[in-house]
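Peer 1: Chain by chain, the residues:
Number of protein chains: 2
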Amino acid sequence: MAKVYRVIGLEGFPLVKEGDDLAEIIVEVAEKEGFPLEDRDIIVVAQKIVSKAEGRLVRLSDVEVGGEHRETGEYAERDPRLVKLVFNEAKETLKKSEEAIVVENKNGMICINAGIDKSNVEGRDTYSLLPLNPDLSADKLRKKIRELAGVDVAVAICDSSSRPFRRGLVEFTIGLAGMNPFRDYRGKPDLFGYLLKVKNVAVADEIASSAELVMGNGDEAIPVAIIRGLDFEMAEGHSAEELFVKREEDLFKGVL
Amino acid sequence: MAKVYRVIGLEGFPLVKEGDDLAEIIVEVAEKEGFPLEDRDIIVVAQKIVSKAEGRLVRLSDVEVGGEHRETGEYAERDPRLVKLVFNEAKETLKKSEEAIVVENKNGMICINAGIDKSNVEGRDTYSLLPLNPDLSADKLRKKIRELAGVDVAVAICDSSSRPFRRGLVEFTIGLAGMNPFRDYRGKPDLFGYLLKVKNVAVADEIASSAELVMGNGDEAIPVAIIRGLDFEMAEGHSAEELFVKREEDLFKGVL
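Protein sequences, first through last, are from chains X and F. Heads up, the first sequence is in our numbering, so the first residue is -1 and it goes up one at a time. Heads up, the second sequence is in our numbering, so the first residue is -1 and it goes up one at a time.
Rather than coming from a laboratory, the hints here were simulated on the basis of the structure.
Partner residues aside, some chain F positions facing chain X, computed with beta carbon under 10 Å: (1) 2; (2) 163; (3) 189.
Don't be surprised by glycine CBs; every beta carbon is placed ideally from N, CA and C.
Between the sequences and the hints, there should be enough to build the whole structure, so can you do that?
Peer 2: The following block contains the structure:
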């Protein structure tokens, strides 16, 4: 026997704009592409289309800056209007450098430029901000999909991000509904019956990464992937914020 | 249309011991389980069975310690014999604390306890060390699989690891053969034709994560997964070491 799951990247997606009903589009495109949604599918949705549907786009030409933004902009070689957008999203600024402004977002996630990004956004000076409350966005999608298609799915909203120690972006989950983000082995036996002490796997991030492999980050136009046939823990009441570690509790504190 | 790939976790794997020919076992088990290897499969192999086949197991009772190990052991609440094993594998020790000893391994990878691990290793005081040269191990597997099954595959040797900022382990690639670890978008267009400046995706790590979702970290007994149908860049001459960032060049330097 083998344990098999599939990752299905949905092509044929329309360009998403403010006010669009994403659940409706996802259900329709999945149907049209020959993969109607099923119970226990995990629907992985690129942050970018959630932000677009929710109107979380900003034109730099609409942003007015102050001295603080000009100063940081100069220091970090950044457009001061972009600096202002980053500061607006941040709870705390952790680093300013030429390559990156690293912040802790209001929901506790540490990321570069507060997740503000230009790619796949129309308009030369238009940027996308992260959804205001990605867990809530995921939960709404999950409920609406159940209403429209009669199926019980999990939803993960994901974004690509740089990470310490290792080169290149990988995809992380930033908003979640309908599943436990972890598979916890602590206290469970290994192959030889020894109890595992420290293994707690962040499956929600692994799921985002497996979806990125078909979604891509460029002009692939695949903003949604379905993970089908995977054994995972469907559950209510979880949040992507469970994935974020407070800096003072970080195992790697002091290393970088 | 949809872009679909499959992740196939191979059950029915025998317990691996020193001297076993892993390529032979993988080819046979894949065949037996109904998934004979194909050209362009990516074979993801858990570090643990590579270490076992290569005899990279150590019994703590065989380890003799010195004062330095006792001192660090006391400080970090660790068995001083384990401390000695970690120091032996490390180029530099970056942090010692009760929860973790963080080191830079000789090949430049930053990890906890030098990747030394007890889980799924037989013998109450036996630990597994990482393969001496994981890229070479991957390359040998790739060549031997081609010889035995006449197919051209990529091989990724992977291990689960904690990471900064985010809770839980995810799977990373620590040894690689036959593929480019990155999908580089820099200079390529997005959906609207704007050229992407910074997107370089670490697909080798995303592949490891997608495999972990079926392989597991406990008593699942699935040490190998086949990634089939994925669009990726087969290529010679790459190394998992391309994934490791030097600390002085780390974007997040100073944040933790």
